[in-house]
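Whole structure, please, built from the sequences with the hints as guidance.
Residue numbers (our numbering), protein chains in the order written: chain P, 27 to 434; chain C, 34 to 432.
These are computed hints drawn from the structure, not numbers from a lab. Where hints are given, some of them may not hold.
Simulated DEER-style distance windows between Cβ atoms [what the hints assert, rightly or not]:
1. C/Gly-134 / P/Lys-56: 38 to 46 Å
2. C/Leu-324 / P/Ile-340: 27 to 35 Å
3. P/Ala-201 / C/Trp-146: 47 to 55 Å
4. P/Ala-245 / C/Leu-317: 49 to 57 Å
5. C/Asp-407 / P/Lys-132: 39 to 47 Å
6. P/Lys-132 / C/Ala-169: 37 to 45 Å
Think of the CB as a built atom: it goes at the ideal place given N, C-alpha and C, for glycine as much as any other residue.
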Amino acid sequence: MEGAPRAAHPAGERQRTPQALQKDTTVAMKILAAMSGGVDSAVAAARAVEAGHEVVGVHLALSRMPGTLRTGSRGCCTIEDSNDAFRACDTLGIPFYVWDFSDRFKADVVDNFIEEYQAGRTPNPCLRCNEKIKFEALLDRAIALGFDAVVTGHYASVLRDEDGRVQLHRAADDAKDQSYVLGVLREDQLEHCWFPLADTPSKALVRAEAEERGLGVAAKPDSHDICFIPDGDTRGWLAERIDLAPGRIVDQEGRDLGEHRGAHAFTVGQRKGLSIGHPAADGKPRYVLQVRPKENRVVVGPGELLEVDRLVGIRPSHAGAPHPAVATGEWIDALVQVRAHAEPVPARVRWNQRDGAPAVEAELSGSLRGVAPGQSMVLYVGTRVLGQATIASAHSSAWNPDALGAAL
Amino acid sequence: MSHAPVYLDHAATTPLSEAAKAAMIEHLGLVGNPSSLHGPGRTAHRLVEEARERLAAAMGVHASELLFTSGGTESDNLALKGTYWARRRLNPAANGILLTGAEHHAVLDTVQWLVEHEGATAHVAPLTADGLLDQAAWEATLADHGATLAVSTLMWANNEVGTVQDVPWAAARSLAAGVPLHSDAVQALGHVPIDLGTAGLASAAVSAHKIGGPVGIGALILRRDQKPVPLQHGGGHERSLRSGTLNVVGALAFAAAAEAALAGLEAEAARVRALRDVLVSGVLAGVEGALLSGPADAERRLPGTAHFTFPGAEGDTILFMLDMAGIASSTGSACTAGVAGPSHVLMSMGASEADARCVQRFSLGASSTPGDVDALLAALPGAVAAARAAGPAAGRRDR
Ligand SMILES: Cc1ncc(COP(=O)(O)O)c(C=O)c1O
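So, in structure tokens, the structure goes:
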């Protein structure tokens with residue numbers, strides 16, 4: 027909240043202005059409820075209906091092979107999920123449709139996921155899906171068809187500052203907070219978002235509410251995996267799509283340790299599957315410190331070197347009005363989060379330029395372990411999400427793997 | 034919604050006729066399995082056989098040529114799989130199936146299954162741009178592959194575009210080539226005059242719910258000399274070709290609906306056609322770029338069907354906008370996941386995949402009124418405009 031004095035809003039305190047309403051919910055709006063088939067989106071839609079809006083439910087068909095019935099853990103795109111969403115809409119008395127975004131999902135999320143791994147990075151496909159599918163393809167179509175807002179079952183909250191500009195904040199329930207995967211949303215997208223579960227103190231209450239409302243999905247398990255990798259075996263899935271070529275494993279000083287079966291099969295922080303025959307001199311386990319796809323090399327070393335305190339992010343986006351420091355380039359105090367549900371870490375942050383393009387730099391006051399390029403660094407002040415950037419490099423102030431370049 | 038709900042999807046299913054409803058209500062309390070050997074059984078048997086005779090008479094076939102099934106899908110499956118298997122038993126080399134690409138999924142997917150699992154080879158004969166059979170190509174395929182064809186199939190009227198094929202012509206050619214011809218007559222029965230006794234026609238599928246009967250009953254018209262391998266085994270009902278306790282109430286309602294539909298066909302077709310023509314000229318005048326599908330000769334189209342391409346406007350978005358305005362229409366085909374793909378019918382008529390996504394079918398029937406057409410003509414231009422705006426909007430933003 028730029029205009030407000032900082033002292034009035036110590037970190038962690040919810041920064042809510044008196045008129046902090048995310049949408050003027052007193053006026054009937056045309057709302058498009060994105061229905062995954064899960065309990066959260068069903069309750070979110072129910073609340074929109076109850077608030078007197080004209081609500082239409084839409085399930086996104088994202089799989090290129092519609093019609094698979096999945097057993098075990100759940101994700102999106104199954105017939106069962108589509109049917110659960112349909113039944114929830116029946117219960118709410120609202121129309122239901124399936125919109126097919128499978129082509130865009132493949133191009134923008136699945137193919138991107140593969141490309142990122144090919145480039146040695148570790149992407150977050152859920153974040154990407156929010157950015158490109160739910161709050162771009164879906165939102166754009168909804169707006170074009172005359173809707174005012176899109177409702178989803180995300181746990182995060184959209185508030186407005188004194189000037190009426192939108193801000194993204196953490197949800198009331200820290201354990202469920204999903205502001206991280208929404209950190210990519212820009213102001214123009216947030217303008218049309220409504221997350222009715224923002225203030226729900228816990229997921230248990232959402233389930234109880236679903237039960238009370240007669241929604242059949244009340245007890246449906248949460249989805250966890252990447253939806254397009256149903257068995258959760260990301261490595262195996264990638265191995266079928268990326269040609270692996272054997273290459274060298276080196277240590278943090280560039281010493282050759284043996285052969286790997288393909289750099290793309292590794293991710294930073296990984297310990298298992300290195301199969302280096304001989305132990306390290308100090309007898310301690312070795313971890314993947316860096317994946318270098320261009321040279322097809324994997325750099326390994328002791329766990330301490332996974333601790334990073336210097337992050338550089340590229341392609342920054344702003345979740346609302348850009349922070350004033352974006353223009354001035356000054357350092358500000360913020361919190362940096364690098365994974366959904368990871369602890370945020372206090373840091374000094376500034377926006378600047380890198381290779382002529384906008385970038386973000388963060389100096390952590392603590393350290394984080396196993397941060398891989400490609401992950402999103404989401405920046406918070408208190409509960410507010412300032413925005414995010416894609417991590418281009420992460421290293422410790424004591425050791426920079428890029429310095430190895432010369433040694434190899 | 035400023036008007037009563039408007040139902041423009043009679044080709045998907047049409048309301049129960051008064052005659053069918055009365056027949057059902059009259060017999061809903063009936064007890065007795067038509068196969069049972071006691072009094073109530075005989076009563077049920079009498080009723081179902083009376084229904085068969087009335088239905089057969091209305092359709093111009095003999096009662097023994099009519100097998101009750103659960104509907105059009107089952108009839109198509111039984112005719113195609115059963116005939117394919119039976120013919121291959123006689124001649125293992127006969128694995129060919131002649132068809133066009135515009136068939137209903139009940140035919141198309143059955144043939145696809147036979148190709149994938151039973152060693153069949155599909156010969157897909159082309160259509161002209163207006164959806165009619167390319168007769169020269171059909172004859173050429175019969176000439177080239179006649180000896181190895183197990184079965185040929187040609188739908189009488191197309192469920193999306195409404196094109197009415199010259200089935201008697203094809204039946205005569207198949208007869209000459211010694212290949213059985215099956216016709217899916219689900220959309221044609223009760224809407225255009227058809228002769229199910231046509232020489233050379235081995236079998237035809239019909240369904241009650243497309244002509245004012247209930248869902249869940251249909252029939253396979255099967256010439257006496259045809260012996261398809263059954264799909265279902267059991268009590269040996271229906272010439273031992275379709276086991277399963279007979280649906281007496283359904284059969285009575287089907288017969289009542291067929292009698293009503295066929296007796297009033299000419300007058301009702303003229304009424305519906307006039308409405309449809311108003312709809313067509315209104316759409317062509319009111320929606321920029323609208324293209325009517327199908328043969329120019331209106332006699333070669335179903336009287337109640339109007340099918341359009343609206344280039345640049347995705348069919349499922351038009352449907353969405355019309356539905357929100359209280360108007361029920363169709364993109365033609367939907368898969369189980371509720372996602373409309375491009376129309377295979379339009380693609381088989383030579384349309385691009387992009388255009389085949391931009392289609393909408395409006396189908397009129399017994400309950401249709403001029404008010405329905407007015408409501409559509411008022412809402413459609415806006416729906417198409419919105420769909421055209423939403424298409425690019427849902428495309429990829431510049432990155
Ligand atoms: C041409 C055609 N064949 C077959 C069917 C399937 O008939 P039923 O719904 O009775 O199984 C339909 C109905 O959708 C149809 O239009």
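List, from low to high, the hint numbers that the structure doesn't satisfy.
2
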